[in-house]
Amino acid sequence: MKSKSIILAGSLLISLGVITSCEDMLDTTSSLVMFSDDNALDEASDSVYSVIGIINKMQVIADRTVLLGELRGDLVELTANASVDLQELAEFTAGTGNAYNSPSDYYAVINNCNYFLATADTSLTKRNEPVFMKEYAVVKTFRAWTYLQLAIVYEEVPFVTEPILTEEEANKDYPMYNIDSVCNYFIKDLDPYVNTDFPSYGAINNLDSKKFFIPVRVLLGDLCLWAERYMEAAQYYHDYLVLDNYEVTTGTSQVTWSNQVTTFDMMLENYSYQFSSIGNDEVISYIPMESSAAEGVCSELKDVFTSTSNNNYYYQTTPSKKLIELSAAQSNCIVYTNGTTRDTLYAPETNEENALWVGDLRLSSVYSTETVNQYSNSTYSSERQEIGKYVTDHVVLYRRSQIYLRFAEALNRAGFPQSAFAVLKYGLYPSNINQYIAADERAAAGNLLSFSQYSFSASNTLGIHSRGCGNAAANLNYVLPTLATLADSINYVEDLICNENALETSFEGYRFFDLMRMSLHRNDNTYLAGKVAGRKGSSGYDASLYNLLLDKGKWFLPVE
Amino acid sequence: MKNRQSYKKVKRLLNFGLYSIIFLGTVTAFGQEASTNQPSKPNLPAEKYVLKELSGKVVDAATGLPLAGVHVQAYNNAGYAAMTGEDGTYTINVPNFVTSLAVDLDGYNMVQCAINNRVASVDVSLYSNLFSDDYRERTSAIRQKTVVGFDLSGEISIDPQIQTKLGSDVRTVMRSGQPGMGAAMFMNGLNSLSANAQPLIVIDGVLLDMQYNRSMLHDGYYNNLLANISVNDIEKVTVLKNGTAIYGANGANGVILIDTKRNRSMATKIDVTVSGGFELMPTLPSMMDASQYRLYASELLGSTGTTLMDFKFLKEDPDYYYYKQYHNNTDWTDETYQNAFTQSYGINVQGGDDVASYNLSVGYTDGNSTLKKNDFSRFNLRLNSDIHLFRNLITRFDASFSDVQRDLRDDGVTDDFESSTITAPGFLSLIKSPFLNPYAYDTQGNLSSFYADADDYLDEVIGTNVSLANPCSILEYGEAKNKNSFGNSMINIAITPTYQISKHFSASEHFSYTLVNTYENYYLPMTGVPTFTIKNIGEVTNVAQSMAARQNEFFSDTRVAWDNRYGGHAIQIFSGFRFMNNTYSLYSLKGYNTGNDKTPNMSTSLTDKTTLGADDQCRTLTYYTSADYNFKETYYLSGGVSMEASSAFGKDVTEGIQLGGVAWGLFPSVQGAWVVSSEPWFNSSHGINYLKLNVGYDISGNDDIDYTASRSYFSTSKMQGSIDGLSIANIGNTTLQWETTKRLTAGVEMNLINNFLTVQANVFKGWTSNLLTLKELAYVSGLSSNWSNEGSLENKGFDASFNAKLLNLKNWKWDMGASVAHYNNEITSLSNNNASFTTDIYGATILSQVGSPVGVFYGYKTDGVYATTAEATADGYYQVSSTGVREYFGAGDMKFIDTKQDNEINEEDRQVIGDPNPDIYGNLFTNISFKRVTLNVVFNYSLGNDVFNYERSILESGSRFYNQTTAMTNRWTYEGQITNIPKIAYEDEMGNSRFSDRWIEDGSYLRLKTVTLSYTLPLHFMYIKGFSIWGSANNLLTFTNYLGSDPECSLGNSTLCQGIDRGLLAQGRSFTFGVKINL
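Quick note, the sequences are listed as chains P and D, same order. The first sequence begins at 86 in the working numbering and counts up by one. The second sequence begins at 79 in the working numbering and counts up by one.
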């Protein structure tokens, strides 16, 4: 009797495992990771962690964005110390094994964005404010920006907008989108959020977190520009620049010969200061990078472009002959004022003190070299190079002048070459607009040329060309001639914009993509091929590279 | 300080003992009350079978004299028994189904004797139990091997005993000569590629997580949990050759069962053991002396491109201010190595009555290491008790506590010369310039008593980054509990009530809780250590780290068992349910620049602080059933099956079954055995006394799966050092499962020529599939890979042992034996479409490819050194630098084999250059006893295994300002010199010292592992019942061609890092003397 009850109890004990759900018994937790079924994104604090997590993934592709844009262009050449991976990029021979060819890193950003967008509860409100809406917009721009990078690097990419959390989802076949379809998708996707504010995270490690985000209108401008929707592009850029309370002027930072002397040996320089601190007005948006690899992903761009203790002072890239020639070929003039004397003086074409002090002075402002004395057996290089654009730890995505140049490019392609030229030569503000742009073009451009006279004036808005070439407005060598057709004018101005891009944004990683965009818009592969093949200057034309680049397929990295 | 520690230990001991006694007292009181009410019934066999009468004579095999009082019974059946009389004869009546008799006498080994069709005169000779035993009572077809008797050894952990006693059953490779570091073990070949391949350790029935893949703060150190168990507490060690089914997904790598001592008799027995040992410094490489090194260094300076002409350390003027500082002849190893003393004390008390019995042991062991400041101490306490609570209810109550404390320093050659400084005192003492002195000279040129600072003789040439620390300073200034120490305490409490429901039916519950707490402090002092540069961090002055880890194991095993015998049919069945909840949490901190050596602790002021954590939790549920059947003790059949679910498995496992919402793996096994010699037709007069054949088939698993790999999860990363970001870190593989090993085993056991010769042999073939491996994910996932089950490998092999009783006289006994094992391992498929892959570890490149064994070395083959420029130019071989420049090999460079024949020496020219797997390994042993003196000698050997001598590749690289071995005096120095050692060149631009066959050596060895001489004193006092003294010597002789310190070397537990000698402390010769007193 007794034994029977014990047997009963025993068998009950044994089957306990089956009766209580085994699933619960095996449910484990971890304090180190968060399982996806627990990350529901339904609390206000969740959004911060997710957005920061996405920025962490953007850090991984930050350097690459710059290197792919700069090394494949015509403004830099590699030194003998450049790694094989970098050499392959510059020579357009990078294969799937190249260190900078990893589409997976872009999708890491995209997948985290997709997860946030699919999961975040946008209906959640706190004090009648939608909790996630601001982050929602931010994440949408991150995703669109990343897709644009993918498309212009790889030409055609699998298009995924739902989060991938299982192997099955990872192995699905996704539709392939090209630059056009990517742009058109995201123009529609982002447009509703043009007026959504950035979230306020305040200062993170003394950095203004608002600059971690990408302005929706600027990105929309880029997307429209790539998609050849020029009017819309011009409109988005314009609206971004003139937005009430957030007006963005070009500023007046320039490097110029002093207009007090006639000897051209004294410079006024506040151009390079724009790059010395990430907090400057010039910087609109950047990817914050860590200061050391121990803390996370830090940028290696400094080690590529400049001499650092990390690279034993062996820099890997240097300004190309082409850039030096282009810079020197610019006409630089000052309006000399001495009491009542007032004259336009043109700087000499040679300078005995410093070969770089000719033509456009921006290059000399941000690029310098020195030779250091040291033991000959030192592991350090005695030849050192500084690029003044690589001072901070961070990777800049957008800055004022660059957005102005994009605006000019869009205006020009939209059929307003005079207005575009005015961005370069005069600076766009009401009095200049009325003075230098023909009435019919003004009428056609409509509100694209509407700038508040209170916010935009001679004291804060400078023609971009004047940043390095003295007083461009006064320069008789820098004019838009009357050409036979509007199309001729547009191409003429686009060439000037292309040069201005080189003078203003060299080393910053935009060049190759600028050339590619212009070539696509002209439907002319020789445009890009000719420029890149000429990177070694007038005497070093690389015909085989030219022939290689006539094949548009070579502009893009291969995917395994 | 020391006193306070030992006081604490004593206090702990007292507390623990007190609680145990209280507990014991309570249950004993219960038990007594219960037992007095129930007198036990006599157990009489039912006479329902036809009996036949057998008779015979039992004699001593040595003397031939009849033995009286010998217990004779039907094998495995106590129902039919008899006793021999004065003349050694017996008569026994047994049923027809009894096929053999068990004949046993105290002081002799049991003999199983087949009856066959003999009707009478079944005569038996018994051998003294001084010989190893030939027969065991077995009721199962499962093949296993059990060893006992570990008393006469001064070993700190059981590992070396497993090597000497089970050398062919378990392949053991000692991790290092550090006290208690234990051995990497492999059974049945190598059964995994990326997951753990070490056997499952089951201690007193509890599956223990051995922390095989946990890393420690101190380089070259492994936390061996077996060192927490005193060897004196261990009664037996059993290895399972098959029949691992009940261990489910844990059994694929083999199973080792360790059982601690329990009381078996009513008599109170007190054993006191004391032993002391002395270990000599290990063999060390022969390094250059001061003048040889000065020549080397000055030659190497020439390759740095320096333009300096004048060097302080090269000036030969004795009046020069720095002359004395740079003109010593120091053997730095004298400062870091020592002869070490080990002492061990233990008391074991056994006793009890019919209500409760206990085995209580207390021990203290203190072991110095031959590498200074690596000392070990252990306090251990264990109580194993069996208590009759009520009638038919017995419970085991076991509790143990052990506390291990160590000093630690880094050991071994580092794998990272670029972003650290050398911190291991042992390695530093080899490479440190011999012309320097450990002590500083004062301004008067007198030797002071202060340690010299880090060396500075190259500062003017290369800078401080090549400066080497003074190893004495690391030993001295790193010494403190809060600097470099390690502590590990293990507590286990187990309660196992068993209720005997009926004569044949019982139910039991085994509950066990194990807690392992580990802490470790690491401190690299500033004094005597150079400032060094860490990549991405910058210059630092010193390092502080601390770690705390906690392992919690909750184990519950509920079981019902039933057995019965129906005539010739005997059946035993048990079934149960096991639940395990194992957690492991770890928190570790690291920071730099503590400011001075007096504040070594972690604090917020340190720079570049990093933290590391683990929070692993794994739960498993297992249902199991095991059944043994035999007919007439002649035909055996065993079968078992377990069904296991684990939190580490994916939810959609395809190979298992879905039940209760989770996936279960099924692990069946079946074994059969046939005792041929028990057949009636078998004629034992042919010299075969016993012959048993067996065969088995097992499917078992390896569940060493990353705890979270089957689930998708997010992990955090810091941004700007201040804010956490959360991003997708894993896409879970929901079909992730255990690695599956199917193994076929077959064996034979034979006793021949009147039990003179014993032969055992086993063969096996194993197929392991579903290898845990990182598989590439589609790039749209944003992740590179996740864990998956792909790839397979096979193992086949055998082991065999022979034992012969060479001499059996009244006073002289001599037996001798050998064991040999072999395995052949082959990868048969790999993930990512059978893509071969390489793993870089400590300078070695390990290739994993289909068709090769696991762990083969993949590097360059060499063909000597170019003696002349003309030879080199003729070949025209070159390598391409990282910036694409061709660099041609010249005179004095190595000639690498250009496999691809394109003149470019690059990675594609690599080939398989070595295999760390041995051809055969095992033991040779002999026992000689004369009266009360016994001599035991054991050799172990391993033949045909290759070793990558990483240490030598650094000590003969000729690329750094490190002292080199004397072999380097033969380096290439002039055009036309014929030698096999290339020229030296700072930083070795041509890669002459790259991973090549230069460093692959034959690691075969034969080692005289132990010689033990013991003597039992013929004492018969009232208080001292027995007194034995013994002495043993370990590692006396090693026959090998290996050039390093110890051919038995291991980098870790992984299958991929076997046969790599990174210069961890080698085993030295040791001598131990011990006394065992029975009170």
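Hints were generated in silico from the structure; no laboratory data involved. Here a beta-carbon is modelled for each residue, glycine too, at the ideal position from N, C-alpha and C. Any given hint might turn out to be false.
As the list claims (entries may be wrong) - Now the stretches of chain D that chain P is said to cover, found in silico as 3 or more residues with beta-carbon under 8 Å: (1) 454-463; (2) 484-493; (3) 789-797.
Said to hold, decoys possible - DSSO-like mimics (lysine-lysine), calculated; alpha carbons at most 27 Å apart, straight line: (4) D:K729 / P:K387; (5) P:K295 / D:K796; (6) P:K257 / D:K687; (7) D:K796 / P:K387; (8) P:K257 / P:K273; (9) D:K888 / P:K387; (10) D:K613 / P:K257.
- Message: Checking each numbered hint in turn, tell me which of them this model violates, lowest number first.
- Response: Structure breaks hints 1, 2, 4, 6, 9 and 10.
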